Amino acid sequence: MSTTFWIIVAGAVATYLTRIGGHLILSRFETIHPRVEAGLNAVPAAVLTTLVAPAVLTAGPAEWAALAVTALASLRGGLMTMFLAGAAALILCRQFVS
Amino acid sequence: MASDAVMETSPAGEFWQGVRLSIPVVVAAGPFAMLFGALAVDNGFSVFEAFLMSAAVFGGASQMVGIELFGHHVAPWLIVLSIFAVNFRHVLYSAAIGRQLAHWPLAQQAIGYFLLTDPQYAIAESRAQAGRKVGFVWYMGAALAVYVFWVLLTVLGAFFGRLIPDTAAVGIDFLLPIYFLGLVMEFRKRPLWLPIVLVSAATSILAYKFVGSPWHVTLGALGGVVLAVVLPPHRSGVGERP
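Quick note, the sequences are listed as chains A and B, same order. For the first sequence, the numbering used here gives the first residue as -18, with consecutive numbering after it. For the second sequence, the numbering used here gives the first residue as 13, with consecutive numbering after it.
Don't read these hints as lab results, they were simulated from the structure. Please note: incorrect hints may appear among the correct ones.
Said to hold, decoys possible - Here are the simulated SDA-like cross-link-like pairs (lysine to any residue), alpha carbons at most 25 Å apart as the crow flies:
id, chain 1, residue 1, chain 2, residue 2
1, B, LYS201, A, MET61
2, B, LYS201, B, THR230
3, B, LYS221, A, ALA46
These numbers were taken from a predicted model, which means no experiment stands behind them.
Based on the sequences and whatever the hints tell you, model everything.
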């Protein structure tokens, strides 16, 4: 089997561990410490931010405009509205800025 | 209503009730499955490998990160670690929803946790909050609809992606940061959201420059998490236990 195959299998096992792990660990305790709970609550925003920030740094004006439109669209609509508005802005801006 | 009463008791009714609840998720996630298929092939995956990843991992953001790093020829163990890091948030879902699934037989629990995505967690949690039982058949109705379309549309995108000659011309190369920013904004009502985002952004940019990819994901995320742990609990919206 190829390396790619084993990357996918290992990635699937790692993902399954995250999906069942929280239950397996927590079922051993009666209560969670508030600070641990606060840390867990921070995880989604923290992880997802790291996937955007470096890309912002290396991008140009067209990409920045698209991200600004995405952030503005988030005040009105859901994920799909944000995504479509950002993508439309990106394609439009790239016609004028390269 | 009489029809609702029937659906409460019949397993087929429960199943389709779950399917109906997940239709918005199918519509919202569908384009991302196709996008993943197209990007996977663009980054050197075969159509079968794109299919296998969607079927076995079943986690949009982590799959996107995985193929992005694969395209940059990052070491395999680092790709797997990054998938783990991006999916780490599921530990929270798993911990929170565990009590609702505890009455299922173990084999059913094992399957249920495999399908525990962000939207699945959200609708299961809201059903429990409404005081209704989170049954296995209902849960599978909601989860399988998303799963089947996620895998099918990945394959469709993988075939269609080969027909797109220049991904930069139609903007596909920068769609991921836009998608991830959209997800960041989804969590903006949470306590400490802005400080966490700012600290994670700064930490990840520093890590990206001085340590390198993909460690900026783990290190950047740790920056935001440590901030939330260190600040007094009342600032994080988590009260001390009485």
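Results for each hint:
1. LYS201(B) <-> MET61(A): Cα-Cα ~18 Å, so holds.
2. LYS201(B) <-> THR230(B): Answer holds: LYS201(B) to THR230(B) is near 23 Å, not above 25 Å.
3. LYS221(B) <-> ALA46(A): Given that 25 Å is the threshold and the Cα spacing comes to 23 Å, the pair holds.
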